[in-house]
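In the order they appear, the protein sequences are chains A and B. Those letters in the first sequence? Residues 276 to 619, per the numbering used here, in order. Those letters in the second sequence? Residues -3 to 257, per the numbering used here, in order.
Honestly, I wouldn't trust all of these hints.
[To be verified] Pairs of lysine-lysine, BS3-like flavour, derived with a Cα cap of 25 angstroms:
no.: 1; chain 1: B; residue 1: K129; chain 2: B; residue 2: K187
no.: 2; chain 1: B; residue 1: K129; chain 2: B; residue 2: K179
no.: 3; chain 1: B; residue 1: K187; chain 2: A; residue 2: K557
no.: 4; chain 1: B; residue 1: K179; chain 2: B; residue 2: K140
no.: 5; chain 1: A; residue 1: K280; chain 2: B; residue 2: K139
no.: 6; chain 1: B; residue 1: K179; chain 2: B; residue 2: K251
no.: 7; chain 1: B; residue 1: K140; chain 2: A; residue 2: K280
no.: 8; chain 1: B; residue 1: K179; chain 2: A; residue 2: K557
Source of the hints: derived by calculation from the structure; they are not laboratory data.
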Amino acid sequence: MQHPKRNIALFIILGIALALLFIVNISLGSVKIPMQDVLQSLTGGDASKTTWQYIIINYRLPKAITALLVGMGLSVSGLLMQTLFRNPLAGPDVLGLSSGASLGVAFVILGSAVLPGAMAGFFLSSYGIVLASTLGSFVVLLAVLAVAQHLRDTMAILIIGLMFTSFTGAIVGVLTYFSTAEQLQKYTFWSLGSLGNLSWGNIIILGLVTLAGLLLSALCIKPLDALLLGERYAKSMGIDFNKTRFIIILATSLLTGCITAFAGPVAFVGLVVPHMAKLLFKTSNHMLLFWATLLCGGILLLLCDIFTQLPGSSFVLPINAITSIVGAPVVIALLLGKRKGIFN
Amino acid sequence: MEKGTTLLQAINLSIGYTAKKQAATIASNINLELKAGSLTALIGANGIGKSTLLRTLTGIQQPLSGNVLLNNMAVAEYSAQELSQNLSIVLTEALPPSNLTVFELVALGRQPYTNWLGSLSDDDFTKVNIALKLTQTAHLSHKKHFEISDGQLQKVLIARALAQDTPLIILDEPTTHLDLLHKVNLLRLLKKLAQEANKCILYSTHDLDLALQLSDRIIVMTPQTVVQGTPQNLIDNNVFDTLFNDANIVFDKDKGGFVVK
Chain A
276 MQHPKRNIAL FIILGIALAL LFIVNISLGS VKIPMQDVLQ SLTGGDASKT TWQYIIINYR
336 LPKAITALLV GMGLSVSGLL MQTLFRNPLA GPDVLGLSSG ASLGVAFVIL GSAVLPGAMA
396 GFFLSSYGIV LASTLGSFVV LLAVLAVAQH LRDTMAILII GLMFTSFTGA IVGVLTYFST
456 AEQLQKYTFW SLGSLGNLSW GNIIILGLVT LAGLLLSALC IKPLDALLLG ERYAKSMGID
516 FNKTRFIIIL ATSLLTGCIT AFAGPVAFVG LVVPHMAKLL FKTSNHMLLF WATLLCGGIL
576 LLLCDIFTQL PGSSFVLPIN AITSIVGAPV VIALLLGKRK GIFN
Chain B
-3 MEKGTTLLQA INLSIGYTAK KQAATIASNI NLELKAGSLT ALIGANGIGK STLLRTLTGI
57 QQPLSGNVLL NNMAVAEYSA QELSQNLSIV LTEALPPSNL TVFELVALGR QPYTNWLGSL
117 SDDDFTKVNI ALKLTQTAHL SHKKHFEISD GQLQKVLIAR ALAQDTPLII LDEPTTHLDL
177 LHKVNLLRLL KKLAQEANKC ILYSTHDLDL ALQLSDRIIV MTPQTVVQGT PQNLIDNNVF
237 DTLFNDANIV FDKDKGGFVV K
C-alpha cells in the first residue's frame, strides 16, 4: 500500500524471471537442443529434428509445468499454514503433512498386495495414489490441529509436527519390512521425488487439483489478514473462524496431498518460499503475498529443477535432495536473523 | 445514536463455566446498563471474574442464565457479521508476529464492511484516517506495528476499534503495560472518544484511583455482588471496602484511593 510502485516493479521482475526460467528450464537437459529449436517447438512450429520436438513436447514441457505447479502449490499451502498456526516455521513438510501423504502412498504401494486384484489395480492408478496421499495429509493436519488447539505455545506445535513425522516414518518403516523388493524400489523412487515422468493426463489431474486448492486459498485472503491479529480479533471482526480453518485445511491437504502423490515429498519449498515473498515485499498483506508466493514458488522450483540436471551429463539428481540442500541453509539463516517482525 | 441511550444491558445475568454438565458459577444476579456517550470502568480483584464477565458481555461465552441485550436484542442472536458492526474489542494479549504496518492494522477494522477480498473503498480510507487522527497516531501509520512503543500500540489498537465504527467498544485492561503518564493519556483519550464520538466504552482495569477520576461510571465486582454506579455514589456507599478481602487494605474516602495499614 505504501510502496505501490516498488511492488509493481517487483511483480514485473518476478514475472519476467519466471518466464525466462521456464524457457531455460526447457532448453536444458541431457540432450543438447539449440534455443531456436526449443522456441520453435514451444510455439507450435517444427524443430529441425523430430526427436528434439518429441523430447520437448513430451518430456521437458510436462516437467517444467510440473515444477511450476509443485512450486506454486506447496508455497501457497505454506503461506496459509504459517498464518493459521501463527508460526513462521510452519509448512507442509514441517508439520508432517508431507509425511502423512507419504504414509498414504506407502499404504497403497506397499500394502496393495493384501488387497484383492481389482481394488489393488484402482489404488495403484494415479487416482488411487492421489486419493491416498490427500487423505494421508488431511488426517495428519486434522490431528496436528486437534493437538494444537490445546497448546498456546507455537514452538510446541512444531514439535508435534516432528512427532507425527517420526510416527508416520515408523509405520512406513514397518510396512517396508513386510514388502517385496519390487514394491520397495517403487516406493523409494517415489520418495526421492521427481518432477519428470508425468504423462499429460497426470498433469491435467495435478493442474486441476492445484487450481482448486489455489482457488480455495484465494477465498481465505481476507480472513487470513484478520488472523494476523489472532483468533479473537478475527472473530470480533466478523470472521467465521471455523469455516476459514476448514477451508484452509481442505486447500492445504488438497495441494500437499496431490503434489506429494505425483512428485514425491518435496521438502522445504512450502516453508521457505513464503519467507522469500515476505522479505521481498516487506508486507503481511495476503493479497500481495498470495501472488508473490505463487511467483517465487514457481521460480524456486524451476531453478532447483535446473540444478538437478548436471550440465553435460545424463545424471538427474532427485529434486527432494536439491530443495533440501537449498532450503536447509535458508531456514538456519532465518533463525539466526531473528528479525523481530518474523520471530518475536 | 442519542446520548444517554442504553446500548448494552445485563439482566439477572449469571456467569461462569459449564464443565461436565456441572455449572461453576462465578458471579450471579448481575444487572448492568451501559449508555452511549459514557465511559465505564470495570474493577475487581484478580480472579474475581472480570474477564469472564467481559467474555460473556461480548458474546464469546454463553451466560449460565439471564440475558445480555445489545440494542434490545440478545447478543447470542447476532450473527458474527452483525455483531462485528456493533461491538469492537481491544485485547491485552500480544499480537502474533507479522509485518503489518500501523495503517494496515487499523484498516483491518474495516473488515466487517469490505468485500470478499477486503479491498478498501474511499469511505474506508476516510474512516481509517479519522480513527488515526482521533487517536493521534497518524504520524505512525507507515511504521511496522512492532516498531512502536507499548503506549503507541495500545492507541493504535484503539484506532482499529474506532475504524470498526461500532457504537460499543470493550477493552480488556488497556492500561496494563503503561506508566502513569501513558495510563492517564489513554484514559483521557477514551473519555474524549466517549464524549466527542458518542461511543459507549467499557474497560477493565486495576488502576482504581485513575478510574475513579476519569470514568463516568464504575462497575465493581466483589465476591458478594456486582454493583454499578457513579464514582461518588460508590464511595458514599462504602462499596470499595469490600473490594479486597484483607483488613490491612482500606479505602481512604478523602484520597480516593487505597492505603495500606
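- [ ] Identify every previously stated hint that the structure contradicts and give their numbers, smallest first.
- [x] When the structure is compared with the hints, numbers 3, 8 turn out to be violated.
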